[in-house]
Amino acid sequence: MSLSRTVFHYQPDTRRDEPVIMALTVAAERYQRYGFKKLFQVLCRQGNAWNHKRVHRIYCLLKLKEVKLSGFE
1 MSLSRTVFHY QPDTRRDEPV IMALTVAAER YQRYGFKKLF QVLCRQGNAW NHKRVHRIYC
61 LLKLKEVKLS GFE
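Using full-length UniProt numbering, you'd call the opening residue of the sequence shown number 1 and step up by one each time.
What the hints contain is simulated information worked out from the structure, not anything from laboratory work. A virtual CB, placed ideally from N, CA and C, is assigned to each residue, including glycine. Hints may be right or wrong, so weigh each one.
Unchecked claim - Quick list of simulated restraints, FRET-style, between CB atoms: (1) ARG15 x LYS37: 24 to 32 angstroms; (2) ALA49 x PRO12: 18 to 26 angstroms; (3) HIS52 x VAL7: 24 to 32 angstroms; (4) ASN51 x GLN11: 32 to 40 angstroms; (5) SER4 x CYS44: 31 to 39 angstroms.
With these hints in hand, go ahead and build the complete structure from the sequences.
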């Protein structure tokens, strides 16, 4: 079995993720206590038809799940 060079040296097109990144960061700043599921619902209500797996991948890359607010400030 052999692979073609285009598959072996695949470079993902990250420009397609820019609208998702922008919308996700804006929603995460506005709703700071929301997790992925609620943020994804917010994005869907705004009319975005992105796949949840794609949005979750970007959510993890942006490390939004690591930002936690404490109630004792």
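Quick rundown of the hints versus the structure:
| no. | hint | verdict |
| --- | --- | --- |
| 1 | ARG15 x LYS37: 24 to 32 angstroms | holds, 27 angstroms |
| 2 | ALA49 x PRO12: 18 to 26 angstroms | holds, 20 angstroms |
| 3 | HIS52 x VAL7: 24 to 32 angstroms | holds, 26 angstroms |
| 4 | ASN51 x GLN11: 32 to 40 angstroms | violated, 20 angstroms |
| 5 | SER4 x CYS44: 31 to 39 angstroms | holds, 37 angstroms |
Comparing the model with each numbered hint stated earlier shows that hint 4 is the single one that does not hold.
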